[in-house]
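Respectively, the protein sequence lines represent chains A and B. Residue numbers for the first sequence follow the working numbering, beginning at 5 and rising by one. Residue numbers for the second sequence follow the working numbering, beginning at 5 and rising by one.
If you're looking for bench data, these hints aren't it; they were derived computationally from the structure. Incorrect hints may appear among the rest.
Repeated chains share a single entry, so a pair holds when one copy, or any two copies, can fit it.
[Unchecked claim] With a straight-line cut-off of 25 Å between C-alpha atoms, the simulated DSS-like cross-links for lysine-lysine are:
1) Lys38 with Lys161
2) Lys48 with Lys179
3) Lys91 with Lys106
4) Lys51 with Lys179
2 protein chains.
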Amino acid sequence: MNLILLEDRDFISPDRVRLQDDRCRHIIRVLGAKPGDTLVCGRKNAKIGTGLIVSENMQSVEMEVNLDQDPPAPLPLTLVLSLPRPKMLKRILQSLASLGVKEIFLINSRRVEKSFWDSGVLLQADIERHLALGLCQARDTLVPRVHLKRFFSPFVKEELPELGRNKKRILAHPKAHSFCPVGLNSDTVLVIGPEGGFIDLEVQTLVNKGFESMTMGPRILRVETAVTALVSRLFT
Amino acid sequence: MNLILLEDRDFISPDRVRLQDDRCRHIIRVLGAKPGDTLVCGRKNAKIGTGLIVSENMQSVEMEVNLDQDPPAPLPLTLVLSLPRPKMLKRILQSLASLGVKEIFLINSRRVEKSFWDSGVLLQADIERHLALGLCQARDTLVPRVHLKRFFSPFVKEELPELGRNKKRILAHPKAHSFCPVGLNSDTVLVIGPEGGFIDLEVQTLVNKGFESMTMGPRILRVETAVTALVSRLFT
Chain A
5 MNLILLEDRD
15 FISPDRVRLQ
25 DDRCRHIIRV
35 LGAKPGDTLV
45 CGRKNAKIGT
55 GLIVSENMQS
65 VEMEVNLDQD
75 PPAPLPLTLV
85 LSLPRPKMLK
95 RILQSLASLG
105 VKEIFLINSR
115 RVEKSFWDSG
125 VLLQADIERH
135 LALGLCQARD
145 TLVPRVHLKR
155 FFSPFVKEEL
165 PELGRNKKRI
175 LAHPKAHSFC
185 PVGLNSDTVL
195 VIGPEGGFID
205 LEVQTLVNKG
215 FESMTMGPRI
225 LRVETAVTAL
235 VSRLFT
Chain B
5 MNLILLEDRD
15 FISPDRVRLQ
25 DDRCRHIIRV
35 LGAKPGDTLV
45 CGRKNAKIGT
55 GLIVSENMQS
65 VEMEVNLDQD
75 PPAPLPLTLV
85 LSLPRPKMLK
95 RILQSLASLG
105 VKEIFLINSR
115 RVEKSFWDSG
125 VLLQADIERH
135 LALGLCQARD
145 TLVPRVHLKR
155 FFSPFVKEEL
165 PELGRNKKRI
175 LAHPKAHSFC
185 PVGLNSDTVL
195 VIGPEGGFID
205 LEVQTLVNKG
215 FESMTMGPRI
225 LRVETAVTAL
235 VSRLFT
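Working from the sequences, and respecting the hints, build out all of it.
Following this line, the structure appears as structure tokens:
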């Protein structure tokens, strides 16, 4: 944990927090921090700074916090991702949070296994836990928003055009002929298919909505590798 | 599996293979392929093409193969990576193989846990299995070479200078001031530290050997995310 993520409920006064959960155990056992030590802290959806440990025991850690820096800039990206298998989704949520992606739509498509939608990973609390791990890793506090869209057609036809208005619209597609740009660094909606790809009809629907089909080359990557590779290459 | 990786021992004649292991089960059960179907195949460290299934039963699949295309070009990269924790290493080996990295040095450094060196993942057979998964994913046949270097100083002082001769030498370091280049696309040796980073002395040793310390920005990424992000950004 490179940052201790503070919730509003942790604050017992404007500049003092008391932690009594996993973070308390992490500070004591993993970081081995003692009273007088300072740690990097950040308040959820707010500023970053330091926390000076003023007291600790196995049940509780109290810190005086001084939060005066902005978190790293968010990426100007809306990511639309076919729901990956649950085990992979956990890691992808962490990676996306650490990379600075703030708008994530998880959508259905033909090759998404129906059972994935019943996974516990999609419970709000679980999603938030994995996002928090990514934020703590990257020293960020701005919690990404994750939207679940169980029906491909209504989402792509009714919501996606609005999301993509005045933005670069990219469909990552291994079979495409044009190459994915590098260092685009402007407002973008990026759509990524499931393992096995979108079916032709889905590709056509997206192309009809103004998405340009683009490849990173002849190599077909696992979704979790492709997500990081694409984000890292588009925003430099 | 986007490609069936063929070993020399699979060939029962110059253009015919017989598979009797996991690949046979994969072809029948997962791909649901039948006699008359063709699959993308490639011979280890050689060409890629198609395999026409001529017979199958639950114990064996025979294919007539026609391998006439080159595998995708390797990246001009030598990756030097502090040994990650075993569970992460499996995924990293797969990702690196799928991204086209062909020279991988796993090295020790101060913050690498000693126990990682005793992991079964480092057995040659296990390494090869994870690399093969990455190659099959990316439709590649060229097996990366993985070198294990248990001692930091002798490796960095005696072997690394030779490896880096006439190449761009980059040390990925979150605290660096210069930014990691994008689309470098030339011969490069890239060094990546462990979770928690190299200690100052190690950084200094690498800098003394001509490595330029470079960052991707204020976000600290997990090693597996950083590896993919760096490779994807350097080679476009």
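Hints the structure violates: just list their numbers, smallest first. 1
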